[in-house]
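Here the protein sequences line up with chains L and H, keeping their order. The first sequence runs 1 to 266 under this note's numbering. The second sequence runs 1 to 186 under this note's numbering.
To be clear, the hints were calculated from the coordinates, so they are not data collected in a lab. Take these hints with a grain of salt, some might be off.
[Stated by the list, open to error] Partial list, derived from the structure: chain L residues whose beta carbon lies under 7 angstroms from chain H:
1) Met40
2) Ile50
3) Ser52
4) Ala58
5) Gln61
6) Leu63
7) Tyr76
8) Phe78
9) Ser102
10) Phe106
11) Val127
12) Tyr131
[To be verified] A few chain H residues facing chain L, derived, Cβ under 10 angstroms:
13) Leu37
14) Phe38
15) Glu55
16) Arg56
The C-beta atom is built at its ideal place from N, Cα and C for all residues, glycine as well.
Okay, here's what each chain looks like letter by letter:
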Amino acid sequence: MIALALPAQDSGTFTPPGIDQMHLPAILPWGASDGFSKQMLLVILSVVIIASFFVAAARKQQLVPGKLQFAGEMAYGFVRNSIAKDIIGGRDFMKFVPLLFSLFFFILVNNIYGAIPVIQLPSFSHVGGAYVLAAVVYVTWIGIGIKKNGLKYFKLATVPSGVPWYILPIVVPIEIISNFLVRPVTHSLRLFATMMAGHLIVMIAGSGIEFLVMQENVLLKGASVLVLVGAVAMYMLEALIMVLQAYVFTLLTAIYIEGALHADSH
Amino acid sequence: MNQQIISAAAQGAAESASPLAPNLWEMGVVLAGFAVLFYIVVKFVVPMFEKTFAERAEAIEGGIAKAEKAQAEASAALEEYKQQLQDARAEANRIREEARAEGAQILAELKAKAAAESARITEQAYAQIEAERQAAVVSLRSEVGTLATTLAERVVGEALSDDERAARVVDRFLADLETQSAGAAK
Numbered sequence: 001m002i003a004l005a006l007p008a009q010d011s012g013t014f015t016p017p018g019i020d021q022m023h024l025p026a027i028l029p030w031g032a033s034d035g036f037s038k039q040m041l042l043v044i045l046s047v048v049i050i051a052s053f054f055v056a057a058a059r060k061q062q063l064v065p066g067k068l069q070f071a072g073e074m075a076y077g078f079v080r081n082s083i084a085k086d087i088i089g090g091r092d093f094m095k096f097v098p099l100l101f102s103l104f105f106f107i108l109v110n111n112i113y114g115a116i117p118v119i120q121l122p123s124f125s126h127v128g129g130a131y132v133l134a135a136v137v138y139v140t141w142i143g144i145g146i147k148k149n150g151l152k153y154f155k156l157a158t159v160p161s162g163v164p165w166y167i168l169p170i171v172v173p174i175e176i177i178s179n180f181l182v183r184p185v186t187h188s189l190r191l192f193a194t195m196m197a198g199h200l201i202v203m204i205a206g207s208g209i210e211f212l213v214m215q216e217n218v219l220l221k222g223a224s225v226l227v228l229v230g231a232v233a234m235y236m237l238e239a240l241i242m243v244l245q246a247y248v249f250t251l252l253t254a255i256y257i258e259g260a261l262h263a264d265s266h
Numbered sequence: 001m002n003q004q005i006i007s008a009a010a011q012g013a014a015e016s017a018s019p020l021a022p023n024l025w026e027m028g029v030v031l032a033g034f035a036v037l038f039y040i041v042v043k044f045v046v047p048m049f050e051k052t053f054a055e056r057a058e059a060i061e062g063g064i065a066k067a068e069k070a071q072a073e074a075s076a077a078l079e080e081y082k083q084q085l086q087d088a089r090a091e092a093n094r095i096r097e098e099a100r101a102e103g104a105q106i107l108a109e110l111k112a113k114a115a116a117e118s119a120r121i122t123e124q125a126y127a128q129i130e131a132e133r134q135a136a137v138v139s140l141r142s143e144v145g146t147l148a149t150t151l152a153e154r155v156v157g158e159a160l161s162d163d164e165r166a167a168r169v170v171d172r173f174l175a176d177l178e179t180q181s182a183g184a185a186k
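One chain only, chain H, in its complex shape (with noise of 0.2 angstroms):
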């Protein structure tokens, strides 16, 4: 297509400089311009751009250092947290443990130390009645001796051959002692 074009426009200047020879100025002058766009480009722009492209970089992955440090503080502390509620659970439970054994315990003694107090009451008592009784036994001794040579005095000082009269004395002691003990008792 090009070709054609080319032809055709050539057959109207048909005497023309080859298309293909270059003028050398303005080669100087694509030589000039190009080595100073260059320089300009190595000196200023790549760097400026590389720079800026380099900073940006370091603030996205600063950025990214930083919320990743920020989430393995997170889970450190949120690590901490189940760590303490772990052993406060612990922590109470052990207590709770405990204090149902001190509890078992206290009321382990409190048994003992009922059943022993009421060993000892039980034993106090039989000690008292022992002695009461003893004491009974002592004053009871005396006591019939003394009914017994009063009966004798009273006996000896009646008429021992009546029977009946025997039996009336020893009806009237009886009933005197019974008035005694009922005395004694109130």
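Extracted from the complex, chain L is given alone in its bound form (with noise of 0.2 angstroms):
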């Protein structure tokens, strides 16, 4: 951050990209708003790798797999035994599987685009594509609840059992706002803050240095390596981030999920 931070303290010519320089130009002008921009592309595109590669890798249905057939069950029986069946349980959890491993792999390939030197742009550094995914999420829980407990579900969900009764008018209103507002707002936004914070890092420390670079005095050109050492560091955490990010998202969509299943347990 250190090394990040060094451009801004110089000469004052610098400006740093900001959330404007988020928005590429359009590939296609088109329409009333930005036209066909990379992220729809990009998105179209993680659809066809993600079904190109696991429908090659399933086709076979080898009982001793192949390479490509052991990578996708390895990559398939991830999301299937560390998520599903480990946070919603043995009985139900197959129903729920093609959903966790959808978005599992969805938001993974979206988020990789980023650590991908020509691509280099996740797709959810907009926050268009997190708000639908989440909101896809906020729909199944609560119809899952609704289906499995009916209307006495939003009881269930937001008076928590064993509570004295005094306490209610307290705990009864964090439930709903913790439960039904802020659960969906937090799981989009989580997910597109850390994406466009890693895009615009990225950003900055490419400008940042290609300004030094610029510079006449030695000593700042050489600052430049460091800011490249703090980018390389950066990129790393950026990685390991976008493979977390997907998997946070999974895991609290399974979460989700298995509290409306057994919300009368809860």
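Starting from two chains that each stand alone, build the complex the way the hints lay out.
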């Protein structure tokens, strides 16, 4: 971070790239808004990548898997067993594996874009996609809760059992806010903010290096190496966060679904 | 940390749109893309993986079941074999016992038979000896009669008054008798 802060203290001519630079010019100017952006292309590409990889891996269905099938089974088994089965539980987790699996790899591939040199743009650095996925999850777990418990679900979800009645006036509003209002917001913004921040760091570091290298002072030129080292470290951290956020998003989805399924025992 | 960067960046672009305002087209693309992906996953990927998993589990469990069956068969065969071995041992013992008993019986029978035989032979010998004795008595009796008669003739034929002569006659008679019996014994 010190290395990244350096250019800002410089001559004052350096203007760091901001949120505006997050919006690349549209590939195809089209419609009322920004047209067909790079994000849209990447999202569509991610669907093609994920679908073709897993269909190719799953298609052979050999009892003794080959390399491709083994990789696919490892990836699928990770979501199926480590997320769905462990969180939701043995009896009815299978119904939710497709959703969790789709979410995890959709987010993972779209995040990893940010770590691939030429692409270098995580799709969820724009907030829209994160809103959509969080909304899908929100609708899903509330739907599950209602289907499982009827309208009583809202009482189960907001009135915790075993709490003395005189605390309920405090607890119930908190539960309503935290479960039904804050939850989808944090769910989406967590993903969006980490991706946008990571992308911003890469941009700032890149432009900072460029700025420093252009300086005539040799010491300042040399300082670009510090920025580079910092940028590489941040890049590694970002790559970790990209994977971690996909996992966290999926894990939280599983936890929400589990909470809706077993609302009566919480 | 991110806050600092964002605020620093926001200074540079003060009038830019809020980063929290979504682009509707992007939302549409993400929703459509996710829907397509979800459809493919539900329709193809998950069923295929699950089928493979199920088949694999079945193959493994089938293998285990087969192995268990073979194990059970083997232990059953072993049990049967042991049973047979035991039966065979018992049979052998029984046969040995029987043979021993039979041998003892045969021995006893033989002994009894031998004793009976010897008794029979002894009996027979006694009977024969008795018969021979009877025959000897009968023949002796007739012989003695004849001899007595002959002796009486001789005694009567000679003068009975002479004691010396009488003694000679008797001696001669007895010598004759001896030579006669020796000739008979030959």
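A quick look at each hint next to the structure:
1. Met40: Hint on methionine 40 of chain L: holds, closest Cβ of chain H at ~4 angstroms, below 7 angstroms.
2. Ile50: holds (6 angstroms)
3. Ser52: Because about 9 angstroms separates serine 52 of chain L from the closest Cβ in chain H, which is outside the 7 angstroms limit, the hint is violated.
4. Ala58: holds (4 angstroms)
5. Gln61: OK, holds: glutamine 61 of chain L within 7 angstroms of chain H, min 5 angstroms.
6. Leu63: At about 5 angstroms, which falls below the 7 angstroms cut-off, the nearest Cβ of chain H leaves the hint on leucine 63 of chain L intact, so it holds.
7. Tyr76: Status holds, d = 5 angstroms.
8. Phe78: Check failed: Cβ of phenylalanine 78 of chain L comes no nearer than 12 angstroms to chain H, outside 7 angstroms.
9. Ser102: Constraint on serine 102 of chain L satisfied, holds at 5 angstroms.
10. Phe106: At 6 angstroms from the nearest chain H Cβ, phenylalanine 106 of chain L passes the 7 angstroms test, so the hint holds.
11. Val127: holds (5 angstroms)
12. Tyr131: With a minimum Cβ separation of about 5 angstroms from chain H (threshold 7 angstroms), the hint on tyrosine 131 of chain L holds.
13. Leu37: Holds, because the Cβ-Cβ distance from leucine 37 of chain H to chain L comes to roughly 5 angstroms (cut-off 10 angstroms).
14. Phe38: Cβ of phenylalanine 38 of chain H sits 5 angstroms from chain L, so the hint holds.
15. Glu55: Since the shortest Cβ distance to chain L is 6 angstroms, the answer is holds.
16. Arg56: holds (5 angstroms)
Violated hints for the displayed structure, listed by number in ascending order: 3, 8.
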